[in-house]
Amino acid sequence: MHVWKEIRDREGGKVHSHCFAKRIKSNRISQLELSNQKDIVSPHKGAINSLQIDSTEGRYLLSAASDASVAVFDLQRPAVYQPISKHSSLFLLDKHHRHAHKFSVSSAIWYPIDTGLFVTASYDHHINVWDTNTIQVVVNFKMPGKVHRAAMSNLSTSHMLIAAATEDVQVRLCDIASGAFAHTLLDGVMTVEWSNSSEWVLVTGGCDGAIRFWDIRRAGCFLVLDQSRTQLGRRPPVLKGSMMTKSKALSLQDSSTKSRAAQKKHANGSGSKQLPIGRVPSKGPMKQRLHPGMLSTQDRATAHYGAVTGLKVTEDGMYLLSAGSDSRLRLWDVQSGCDTLVNFETVRLQINKPLQFATTQDATLVFVPCMRSVKAFDMWSGNMKSILRGHYECVNSCWFNQQDQELYTGGNDRQILVWAPARSIADEMDGPAEDQDNWSS
Amino acid sequence: MGTDKGGHGKGTKLVSLIEKATNTTAPEVDPRLLKAIKTVVRYSDSELRFANQTLMDLMKCDHSQVRYLALLIIDELFMRSKLFRTIVVENLDQLLSLSVGFRRNSPLPDPPAVASVLRSKAIEFLEKWNVTFGVHYRQLRLGYDYLKNTLRLQFPNIQANVERVQQERRERERRSKEILLSKYESLKDNSSSIKGGILSTMDEIDECLEILHAKQDSVSDYILDSEELGDFRSLELQQLRLEALKEGEKVYENNDNMVVFDTLRELYKLLITKYLVSIQEWIAVLVRVELVDNSFKDSILKEFIDIRNRMKSVKNKCEEAGCSLLNSSKHEEEDFWEEGNVVSMEMSSSAPDNKNKHLDVASTSHKMNNDNLGLHNKESNGSHTRLLPQGHEVESNLQRSELIAEAPVVRWSSYLDNWGSNRVFMANQRGLELDSHWGRVDDDAVIPADKIAKLNVHAMPYEEKEIEIQPCLAPLRKGGLCQRRDLKVCPFHGPIIPRDDEGWPLNQSSSEDMNMDLRTDLVEQLAKQAVKNVRERDQEVVKKREIDKRTFKRAKLAKIREHNEAVLRDAALASTSGSAILGEDGEVEDKLSARDKKQSLASMLRKKVTPKDRIAQKLLSSWARVTVDRQHMSCEDAKYREAFPNQW
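If you read the sequences in order, they're chains A and B. Taking full-length UniProt numbering, the leading residue of the first sequence gets 1, the next gets one more, and so forth. Taking full-length UniProt numbering, the leading residue of the second sequence gets 1, the next gets one more, and so forth.
Don't take each hint at face value.
Claimed, not checked - Computed cross-link-like contacts, PhoX-like style, restricted to lysine-lysine with a CA-CA straight-line distance of at most 25 Å: (1) B:K528 x A:K38; (2) A:K86 x B:K128; (3) B:K544 x B:K528.
What the hints assert, rightly or not - Far from chain B, by Cβ distances over 12 Å, these chain A residues were calculated: (4) R28; (5) D39; (6) V41; (7) I135; (8) L232; (9) H391; (10) N401.
Said to hold, decoys possible - Here are the in silico distance ranges between beta carbons for each label pair: (11) A:K45 x B:R175: 34 to 42 Å; (12) A:H2 x B:R80: 39 to 47 Å; (13) B:R170 x A:I7: 54 to 62 Å; (14) A:N27 x B:R80: 40 to 48 Å.
Since the hints were derived computationally from the structure, they do not count as laboratory data. Where a beta carbon is used, it is the ideal one built from N, C-alpha and C, also for glycine.
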């Protein structure tokens, strides 16, 4: 009834179409539950480490597992329709493949522009770039250590860099176009994320608990998040905020104003400044942890006690969510670099593996894997909206499909589960034989 | 949450029911309680939610028995209620971890025996649920898949097993069909030869019979000619005559037709042992075989049935002619045997009474005793009647018989000589000369009658009336009835109750009172009841007193034991002897006896104290260790001193 009324309002022009769509979506998202109609038949024999759906069609799910296998699923055309639609993998790259990884694949990501390429990163020190159609390795990067995570920028127009977080202290930027290491940043990194607001800005979460912001055109990071610097609410008060940013970014003011998170438009402008490809780091990896342009006190700042296990930038690029091995979830205001002091009611987080969490498009909900369950938190209040139970072992990764409002989760129990909005009664009628009470007498 | 709170008020009954159902050591939930739970839960959703909550709480209980019973209830409700399913499925992983115990950090609690049962049952239930409702609940499929493919737990695989059995059966059927078909094919090929063989044999038999009958015909014709039918008026006589004629018609073996008989016998034997059997088999094959084209099958089946019928008639004829399979096999020896048999049979029939008697005597010693007793009774009765005073004889026979029936049975002895007399005995006049007796002899000395009576008091040992003890008669597993004779309770089959020929108890109520009451009237019944009540009350009082006494005694004993222990402890402190351990032992025993008394949930958790434990307790106690050490040390010391006597 509610929906009909809204539709009438929409027809009458009372409600804006965008607003209408948003309402419908949020309504659907609030009803997420374990889908009985959509099964993903997992061919993996190990824990699922990462999940990603391509951003062009929103149709192909890429999964990477710790048994060194990678699989792609078609989410719209199931292999079996009756009685439950089962999606089996389109192809599986396991150890039998000639170029397959030898050890656990820690992350698999689609090339952001189309589904013709995907990138896998593995504990066997390699990053492979695959051609989806021929299932062959196109480019192969050898890294100095285990690769925890690889990331590509969604926005980039001028570079094709894969940022790889390795066990080594360096973040490597691998250039697909040339097949060389474009850049090396200094850090011991657990996880890496590209900014959603600037194609040059990279965020890394280190094993030492530091979250660093890098401008890839420059040596050194320009911002280290400090958990002791906090603000209440979404935005700092105007006066204080402007003062803080001024003081903090004083030295960076001239060269990297474009890297400021909020100033998206400058990205194109800075395209003229070409990337210094193949630049060799001037210092040895362990020589000096002090980054140029940073005060030593600032450089020592930490965002979490213990390692940073997960990072997620909101769709608009204004906020950063981070998870640490201290079982904390923090929401950072990227512009001010302050912790917004939102208290997420997590009980416990998995600490020994990089976590991958998902946010909805309008950044109202964040889905966080908390041990065996996935919890949906309200981003701004930190209240738990719902708890999704279904996995029998720890959940490693989530991916939210913005198109269908479906959540995909993968865990150590080798399963990929689909969480879909509850189906209406009308839909259930054409399902298999009805489920009814069966009392004797 | 709100509904749960609402359920709190209503759910107290439910909670008590569920707790009662799970608080036993029985391996099953009491079906009455289960039914009650179901009826309560059925009528409202809030009750159902509440039941789920209670059961899940019970599943967290640190006792496998409670979890097991709770799981049984959950299964019952799960199979019935949709709402319950949806609620349970939400927390399925928790339920599974509590019932299967697959998480390493939360294994199943004690007792281990029940825990293993719980695990297997939980796995079985999960499989059942998955088969039945898996389509509707992704969680069920997930749980099943996880336990089966990730943890590799062994599922009973009921459905697969059933399928496999069916498959095997189908295979067997198919094979037997193939065999039938091949048989049928072979039959098709050589049916004519089979038929030919049989038919020729039968023809030969017919010919033989014809020859025999041809010989006989002349004789019978003669008989028929010589006598007239008209003479036999009455039906019986006619019957007799016909029989006689038939008997006359029968062909008997003699020297003339011995050859014919021999061949007949041979052929008959062939027919019965070979052809008849084979044709039966072929018919069976034809009936069971399944074909596309039935025309040939039908025709040949018809032929075979005809042949079989003909064979049967031929067989009958042969038997009439006097040959049977047994006779033909070993004719001559059996003749002797039969004669001998006949004689013995006659013997036995001539003297059946004797034998019966003997048998009786041999079989039941009781009866013999009874008989003897009876005889004895008769004797004594006889003596009685002889001794009865004259006056009684005058009275009517009826009265006499009544009296006899009433009279006591007495063993015969000399005292019966002066039964009922009150004569006085002369003491010194018994024909005995008393010579050289110094004293004065009083010839008239008299023993008074009452003294005589006293001297002649008859003593008789009490003989228990022998009753026949009924056999138990309970049906035995190997067949037959139990022949044990016990007074009240058979050690194998329980109390002895009247049973029928097959060993089934006659009246299920089996209360003796009922049996008796059938005859007695209501008043008597009431009186009996009253008496019973009074007795019961008395018994209760007695019991109470006894219990009081016992508790008193126990208290006393406890006091004594305490005192003893205190003394022993003191002694132990004073001198390190084994007395301290003795005290401990007493405590252990106390515990043991307490455990034996009551079987409860807590008692299931308690570990059994094995002899090994007890020995270990003794050996590993600190006192024992210290003494052993000391002993060891002193031994070594002594050895050392002996070895090196000059060093100290």
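Here's how the hints hold up against the structure:
1. Note on B:K528 and A:K38: the hinted pairing is violated, with a Cα-Cα distance of about 77 Å set against a maximum of 25 Å.
2. As the CA atoms of A:K86 and B:K128 are separated by approximately 22 Å, the hinted pair is consistent with the 25 Å bound.
3. With a C-alpha separation of about 24 Å, the suggested pair B:K544 and B:K528 falls inside the 25 Å cut-off, and the hint holds.
4. Under the 12 Å C-beta cut-off, the non-interface status given to A:R28 relative to chain B holds; the minimum distance is some 18 Å.
5. Distance check on A:D39: its Cβ comes as close as 7 Å (rounded) to a Cβ of chain B, failing to clear the 12 Å threshold; non-interface status is violated.
6. Listed as a non-interface residue, A:V41 fails to keep its Cβ farther than 12 Å from every Cβ of chain B; the least gap is roughly 10 Å.
7. Distance check on A:I135: its Cβ is at least 26 Å (rounded) from any Cβ of chain B, clearing the 12 Å threshold; non-interface status holds.
8. Distance check on A:L232: its Cβ is at least 31 Å (rounded) from any Cβ of chain B, clearing the 12 Å threshold; non-interface status holds.
9. Distance check for A:H391 against chain B: the nearest CB is about 8 Å away, which does not clear 12 Å, and the non-interface claim fails.
10. Distance check on A:N401: its Cβ is at least 18 Å (rounded) from any Cβ of chain B, clearing the 12 Å threshold; non-interface status holds.
11. In this structure the hint that A:K45 and B:R175 lie 34 to 42 Å apart at CB holds, the actual value being about 40 Å.
12. Checked against the given bound of 39 to 47 Å, the beta carbons of A:H2 and B:R80, roughly 34 Å apart, lie outside it.
13. The given range of 54 to 62 Å is respected by B:R170 and A:I7, whose C-beta atoms sit roughly 58 Å from each other.
14. For A:N27 paired with B:R80, a C-beta distance near 34 Å fails the hint of 40 to 48 Å.
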